Structures are given as structure tokens and as C-alpha cells.
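These protein sequences, in sequence, are chains A and B.
Just so we're aligned: 168 in my numbering is position 165 of the first sequence, and the numbers increase by one with no gaps anywhere.
Just so we're aligned: 84 in my numbering is position 81 of the second sequence, and the numbers increase by one with no gaps anywhere.
Among these hints, one or two may not hold up.
Since copy identity is lost for identical chains, a pair holds within one copy or between any two.
[Claimed, not checked] Below are the SDA-like pairs computed for lysine to any residue, each with C-alpha atoms no more than 20 angstroms apart in a straight line:
(1) K66 x V148
(2) K68 x A79
(3) K63 x Y142
(4) K68 x G82
(5) K52 x W77
(6) K183 x R14
(7) K68 x E92
(8) K52 x D76
Keep in mind that the hints were calculated from the coordinates and are not lab data.
These figures come from a predicted structure and were not determined experimentally.
Number of protein chains: 2
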Amino acid sequence: MNKTINKQTERAIVLLSGGMDSLVTAAIANRDCRELFFMHANYGQLTEKRELLSFNELCKHFKPKQSRILNWDWFAQIGGSALTDPSIELPSSAEQEGIPITYVPFRNANLLAAAVSWAEVLHAEAIYIGAVEEDSSGYPDCREVFFRDFEKLIQTGTCNEFPIHIETPVLHLSKAEIVKLGMELGAPFALAWSCYQDNNVACGVCASCRLRLKAFAQAGYKDPIPYRIRQATDE
Amino acid sequence: MNKTINKQTERAIVLLSGGMDSLVTAAIANRDCRELFFMHANYGQLTEKRELLSFNELCKHFKPKQSRILNWDWFAQIGGSALTDPSIELPSSAEQEGIPITYVPFRNANLLAAAVSWAEVLHAEAIYIGAVEEDSSGYPDCREVFFRDFEKLIQTGTCNEFPIHIETPVLHLSKAEIVKLGMELGAPFALAWSCYQDNNVACGVCASCRLRLKAFAQAGYKDPIPYRIRQATDE
């Protein structure tokens with residue numbers, strides 16, 4: 004692990020959902036870049052308000068130079084995902100066949116496109132996104148090939164006066180490795196929200212909670228946030 | 004000119020600014036597709052309200068199966084374009100060196116990303132966009148290479164259960180050819196808005212008005228909308 008402070012990037016935009024993958028990505032960007040610019044999207048996800056709270060807390064913690072919130076009502080209007088359409092039931096198991104119903108159609112392309120627009124104005128050199136390929140259940144827009152194709156699109160679709168790179172520092176890590184790396188960087192996991200189901204206390208049952216709990220267990224750490232199920236059974 | 008009715012596409016999304024290029028693109032989609040879905044963006048452009056009025060009028064005319072309006076306040080917040088930042092002066096001449104200040108950073112990528120999200124939900128096969136390469140003053144996201152790279156991104160970034168094509172039927176036409184084609188298809192040019200400068204009567208002076216007036220003159224038609232300058236001098 005390279006522990007030397009090596010601020011190679013002048014300006015970077017970090018896409019932050021408020022979950023633990025984007026938290027650790029922000030901690031990495033904070034280590035490697037001089038100026039941070041945070042971007043978050045409200046797209047009608049069920050835990051929109053709770054994620055926004057996490058984002059605001061993470062802004063207080065990391066103190067980016069600027070932050071922007073994208074209010075994308077239209078995403079909820081088009082539906083098509085269990086994350087944005089309350090009539091589609093959330094899965095309780097992390098293991099499923101095919102692309103899960105929690106996939107939000109082409110969401111990461113929308114996020115990256117917005118970040119690139121901002122990067123062109125700021126002259127930012129990098130966009131950090133906390134996508135995870137292996138643990139992300141096969142979402143097509145979480146794969147290495149997608150991010151490489153997007154970088155190519157940036158080259159053809161922008162003024163290209165300076166290069167804009169997409170940085171995916173946790174893309175090939177397991178969730179347990181992400182927890183370990185975040186702990187080493189002092190990432191405030193207590194502020195990160197993962198639960199798909201609840202806005203107040205993490206349910207401990209949904210696919211996202213299960214992945215997080217398993218990751219902490221495998222990494223040998225205790226997750227600092229309370230869970231409803233752990234509260235009911237362990238405490 | 005193929006005048007037979009040949010509805011090859013079942014469902015198509017049409018990105019409509021309300022200008023004449025997107026109007027003629029919609030007329031072509033209307034000829035070639037069974038079901039139309041219209042999408043429009045308010046992104047803080049100076050003539051936002053007027054363009055929205057045109058969009059609504061075009062919805063009344065073409066009667067798409069559904070329409071969606073994207074409210075993108077964040078685009079105006081990030082600035083960087085004379086179209087979204089009132090402190091940047093609009094050019095009055097169409098001929099300039101380099102990429103003009105009216106370029107809105109990576110706007111078409113944002114529009115296409117939103118349309119692809121909707122297309123995945125609708126199972127639409129095509130997205131129509133009225134970009135024009137030759138007359139668009141070198142905007143990087145109006146070039147053939149950009150649209151081909153975007154199609155590749157759709158293949159890697161979506162569930163890809165069905166192909167989604169980007170249709171750019173006016174990309175390589177001159178503005179005069181677009182006027183001619185639109186007239187042949189009965190496109191309602193009186194409803195299309197082009198002026199960058201004014202919300203009530205087209206100024207006749209801004210780069211966009213000049214391009215439109217020149218196109219009608221070259222095509223041998225009279226533009227049906229009134230102009231402030233033509234009103235003062237010709238009438």
C-alpha cells in the first residue's frame with residue numbers, strides 16, 4: 004500500500020451516492036487530488052432522502068471546494084427499476100440469476116455525462132466513481148469495458164482541450180477489500196448509507212445490507228452503523 | 004426521395020429542442036416509426052420558456068404516445084456556455100474560429116444518456132436526434148464519430164436485450180436541405196423556434212436566426228415566422 008502523499012491530480016470530480024463504495028472512492032480521491040468537487044444525484048431512489056443526508060455529511064467531512072446536487076425527477080418517472088419504482092418488489096437475497104431488478108437503466112452513463120459537463124467547465128482532469136464490477140451483480144454500467152468506452156466518448160464528445168479521465172479505484176476490489184482500504188484511509192463508514200429498504204435504521208435484510216455486513220465480517224471489522232435485525236437479535 | 008410509407012421501427016424516442024433541425028427529425032421519425040415518444044430538456048438555456056412552448060406545440064401536432072421533460076437546473080448552475088450563462092455575451096455572427104461559446108459542454112451526451120434510460124424501459128429500438136455536423140460550428144458532440152461511439156457505449160452499458168440505435172437523419176444535410184426536406188414532409192416550421200436571443204419575436208440578428216434565414220433563402224422558401232429585423236426593414 005502506497006502511504007506517501009502524492010497529489011498527482013489537480014482537480015477531480017467525485018460522484019458520491021453516499022454508500023460505502025463511493026465513500027472509499029472519495030477517501031482515495033482525497034488522498035490523491037488537490038481539489039475535490041462532489042456531485043450527487045437524487046433520481047427518485049427509495050432512500051433518496053437518506054442518501055442525500057449521507058452526502059451532506061460527507062461534504063462536511065471531506066470539505067470539497069464545491070458540491071452539486073442533480074435533481075432528476077424524470078428518472079423516477081420513467082421507472083423500470085426496483086430502486087425507483089415502489090411497485091417493483093426489492094429482492095432480499097444478493098444472489099440471483101441475470102441482471103437484478105435493482106438495475107437503474109443506464110444510470111452511470113447519466114451520472115458520468117453530467118460529471119463530464121462539469122469537468123469541462125472546471126477544467127477538472129479526473130472523475131472518480133465508486134463502481135464495483137465483481138460484487139455489483141452484473142450491472143452492465145459497472146464494468147471495466149463500459150468505463151473504457153465512456154473515456155473514448157469523452158475524447159470524441161468534448162472540446163478536449165485537456166484530457167478527462169475516469170477513475171474507478173475500487174472497480175476490481177471485493178467489498179471486503181473496500182472495507183479494509185477505507186479503514187486504512189480513515190474513511191468515516193458511520194456516515195455511509197447502504198440500505199435499499201429503510202431511511203432511518205438499516206434493515207440488515209436487503210441485498211445491499213447483507214453485502215455490507217458480509218464485507219465487514221470478512222474484513223475483520225465491526226460496521227459502526229446500527230441495524231434493525233442486529234438490534235433485535237444481538238442486542 | 005422515398006415517398007412510400009415504410010414504418011420499419013416500432014418505437015422511437017425523439018429528442019426535440021423545438022428548433023427546426025429537431026422538427027424535421029421528428030417529421031422523419033413520424034414517417035418511419037409506429038410509436039413516437041418525445042423528450043425535451045430545460046437546461047437553463049436563455050430561451051428555455053420559448054423552446055418549451057415550441058415543444059408543447061409540436062407535441063400537439065405530432066401526438067406522441069408519451070412525452071417527458073427533463074428539468075436540468077444543474078446545467079445552468081455549472082455554466083460555461085453563452086446559452087446558459089447570461090454573463091457570457093452571445094455572438095452575432097455565425098462565422099467564427101474554433102468551437103463557439105454557445106457550445107454547451109457535453110450536452111448531447113447528457114440528452115442521449117437520458118433517452119437511452121427511457122429506451123431501455125420502453126424497449127424502444129431507436130433514438131432520433133436532430134444534430135447537424137456541417138452547420139453546427141464544430142460542436143464536438145454533433146459529429147458522426149461521437150454518435151458512433153455513443154452507440155458502442157449503449158452496447159456495453161445497457162442490458163442489451165434488444166439493440167438501441169441512434170438515428171441522426173439530418174446529420175450530413177445542409178440547413179437548406181433540411182428546410183427542403185421538412186417542407187416535403189409537411190413539417191410545421193411556424194412552430195419551430197431557433198432564436199438564441201429573444202423569447203417573443205425572433206431577433207433576426209443572432210447566429211441562429213441568421214443560419215435559419217439563410218437556409219430558407221437558399222431553399223427557396225419563405226420562413227413562416229416573423230422576425231424583428233425583417234419587420235423593421237421589409238414590412
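Do the hints match the structure? See the list:
no.: 1; hint: K66 x V148; in the structure: neither (32 angstroms within a copy, 39 angstroms between copies)
no.: 2; hint: K68 x A79; in the structure: between (30 angstroms within a copy, 19 angstroms between copies)
no.: 3; hint: K63 x Y142; in the structure: neither (31 angstroms within a copy, 38 angstroms between copies)
no.: 4; hint: K68 x G82; in the structure: between (33 angstroms within a copy, 16 angstroms between copies)
no.: 5; hint: K52 x W77; in the structure: both (16 angstroms within a copy, 18 angstroms between copies)
no.: 6; hint: K183 x R14; in the structure: neither (26 angstroms within a copy, 47 angstroms between copies)
no.: 7; hint: K68 x E92; in the structure: neither (39 angstroms within a copy, 27 angstroms between copies)
no.: 8; hint: K52 x D76; in the structure: both (13 angstroms within a copy, 19 angstroms between copies)
This entry does not satisfy hints 1, 3, 6, 7, going by the numbered hints stated previously.
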